[in-house]
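Throw the hints in and build the complete structure from the sequences for me.
One-letter residues, chain by chain:
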Amino acid sequence: MRWIAVWQRNFLVWRKLVIASVLTNLADPLILLFGLGYGLGALLPSVKGMSYMAFFAAGTLCSATMFTASFESMFSGFSRMHGQKTWDAILYAPLTIDDVVAGEIIWAASKAWLSGATILAVVAVFGLATSPLVVLALPVAFLVGLAFAAVGMIMTVLARNWDFFSFYMTLIMTPMTMVSGVFFPAEQLPKPVLAVAQVLPLYHGVELVRPLVAGRVPSGVALHIAVLLVYAAAGYAITIMFARRRFSA
Amino acid sequence: MTALRARGLRKSYATQEVVSGIDLDVAPGECFGLLGPNGAGKTTTLRLCLGLSHPDAGEIELLGEPVPARAREARRRIGVVPQFDNLDPDFTVAENLLVFGRYFSMPAAQVRAKVPELLEFAGLAGREGARISALSGGMKRRLTLARALINDPQLLVLDEPTTGLDPQARHLIWERLRRLTQEGKTLVLTTHFMEEAERLCHRLAVMDRGRLIASGSPRELIAEHIEPQVVEVHGNGFETWMQHARSLAPRVERAGDTVFAYAVDVAPIIADLRGQPELSYLHRPASLEDVFLKLTGRDLRD
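Note that the protein sequences, when read in sequence, are chains R and E.
To convert, note that position 169 of the first sequence is 169 in the numbering used here; the numbers rise steadily by one, no gaps.
Heads up, the numbering used here is the position in the second sequence plus 1000, with the first residue counted as 1.
No lab work stands behind these hints: they were computed from the structure.
If you're wondering where the values come from, they're calculated on a predicted model, not measured in any experiment.
No residue lacks a Cβ here, since even glycine has one placed at the ideal position from N, Cα and C.
Among these hints, one or two may not hold up.
[Unchecked claim] 20 angstroms max Cα-Cα, derived SDA-like pairs, lysine to any residue:
no., chain 1, residue 1, chain 2, residue 2
1, R, Lys16, E, Ile1132
2, R, Lys48, R, Pro185
3, R, Lys85, E, Arg1131
[As the list claims (entries may be wrong)] Far from chain R, by Cβ distances over 10 angstroms, these chain E residues were calculated:
no., residue
4, Gln1016
5, Ser1053
6, His1054
7, Pro1068
8, Ala1130
9, Asn1151
10, Ser1215
11, Glu1239
12, Ala1271
13, Ser1280
14, Arg1298
Spelled out as structure tokens, the structure:
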């Protein structure tokens, strides 16, 4: 539990800038949700038995969580690790690089969870989700955050400069958002593309959250959760391996 | 018990061996200086001793704990002042100390109670709420020192504690470090300032190219390695004089356009120079710097 001191450090900084931080994390997804939702929603009668607005809101919840987790673990994490040398200072104390990595990943997941939770609140306020089942989207958002924070952190401990992240953003995250059912049902995709989507974490997050928004129990819950957990665990293990190489070599 | 004991330390990066078989013994309460030119392996040696980096070979015992196996436990009782400041720019002066205390699992109230005393020590009283970016280099260094004391460590490790500071700031740091030694804390520091080593350290080891090439107290090192008097000579015709000087002094060296003549008795040298109006000279007692240059050479290090 030594990672908590690292988590707290980031929390204290966040608390100082809370308004700016929450606004920037939410402005993008909410503009997209209401812009696209109202615009496209007017043209589309219903998707999978939901209004397009509700359908897209479930997707947005997941993609916003993914983006917050990734930005925090990569850009903010790299700034602390590389620019400010905050990690170096922490390592003089009785903490190890494993503690730092764990604290950073759980912090990024927490911040991502807050993005997801706030979008969920907006969804509820606008009457896009009415079933109490939707509360179960909260733990799912944390899990999605954990998976993307852990994978993002691999990039961070491998990065030598800021440009490194643009490959991951452009070549992995953007296409993943397109094929994972955020904007339209993933089943519409050609079979091979769908198969790729099904091994990616975002798809499984969406598969869990969307039925909950619609007031239904998702199917294949165990599989979806397992995939997200595997990404989180594998991401953590791989990050630790590279972080040890980078810091204790 | 020794505060720090290392045997046969080795560490390579890629194909280059940076630390090539080092033994260290630091007694409790001692101020021990590791002296060496840039790239000698001083920082790597410190990182190995702290368990921040793992040695390829050798044994380390830090405050009775085997390192790196139990480095975490040892670091509970250790403070570190790194070569480059890494204060947390997202926090104020006081917050930097509070947050650092958490890393040692100290209760917030206990850390809070220590902050005024530490800021007083660092000469930063009244600056609790200042941003790090608003501090001068000397203030940052002092805050880093205060931060290293948050856990009331038995041993402080300081990597070039005064590099880049002006003389005023440097003297203040020296005064504080002496105070810590008087309080009974063990200090291990690296430096390439001879004055710093002479003023602060009870014992020194000179390191070059990954090896320790001499050790002892500053006086012992001077007595053992160099003639007690030096005459520095420069001016037109110094090269010709240098040839001639070899008959007057047991050791004559040249660096750029200056000749250094080392001897026990410099009277004949000075008598000779009085008859050479073209040359200017300076007579002084030999210092640690002369020992250092003799041992590590006068070539530029990068």
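For each hint, the structure was consulted:
A hinted pair counts as satisfied when its Cα atoms are at most 20 angstroms apart, and Lys16 (chain R) with Ile1132 (chain E) qualifies at roughly 15 angstroms. A distance of roughly 8 angstroms separates the Cα atoms of Lys48 (chain R) and Pro185 (chain R); the hinted pair therefore holds under the 20 angstroms criterion. Between Lys85 (chain R) and Arg1131 (chain E), the direct Cα distance comes to roughly 17 angstroms. Compliance with the 20 angstroms bound is thereby established for this hinted pair. With a closest Cβ-Cβ approach of about 13 angstroms to chain R, Gln1016 (chain E) is found to remain outside the 10 angstroms limit, as its non-interface label requires.
With a least CB separation of 6 angstroms from chain R, Ser1053 (chain E) falls inside the 10 angstroms interface cut-off, contrary to its annotation. In this structure His1054 (chain E) is not separated from chain R by more than 10 angstroms, as the shortest Cβ-Cβ distance comes to only about 5 angstroms. With a minimum CB-CB distance of about 8 angstroms to chain R, Pro1068 (chain E) fails to clear the 10 angstroms threshold, and the non-interface call is violated. The beta carbon of Ala1130 (chain E) is kept farther than 10 angstroms from every beta carbon of chain R, the shortest such distance being approximately 15 angstroms.
The Cβ of Asn1151 (chain E) sits about 8 angstroms from the closest Cβ of chain R, inside the 10 angstroms cut-off, so the non-interface label is violated. Once the 10 angstroms rule is applied to beta carbons, Ser1215 (chain E) is consistent with being away from chain R; the minimum gap is 26 angstroms. Interface exclusion of Glu1239 (chain E) from chain R stands, the closest Cβ pair being 48 angstroms apart, more than 10 angstroms. Residue-level check passed: Ala1271 (chain E) sits 56 angstroms from the nearest beta carbon of chain R, beyond 10 angstroms.
Every beta carbon of chain R lies more than 10 angstroms from that of Ser1280 (chain E), the smallest distance being close to 47 angstroms; the non-interface claim holds. Every beta carbon of chain R lies more than 10 angstroms from that of Arg1298 (chain E), the smallest distance being close to 33 angstroms; the non-interface claim holds.
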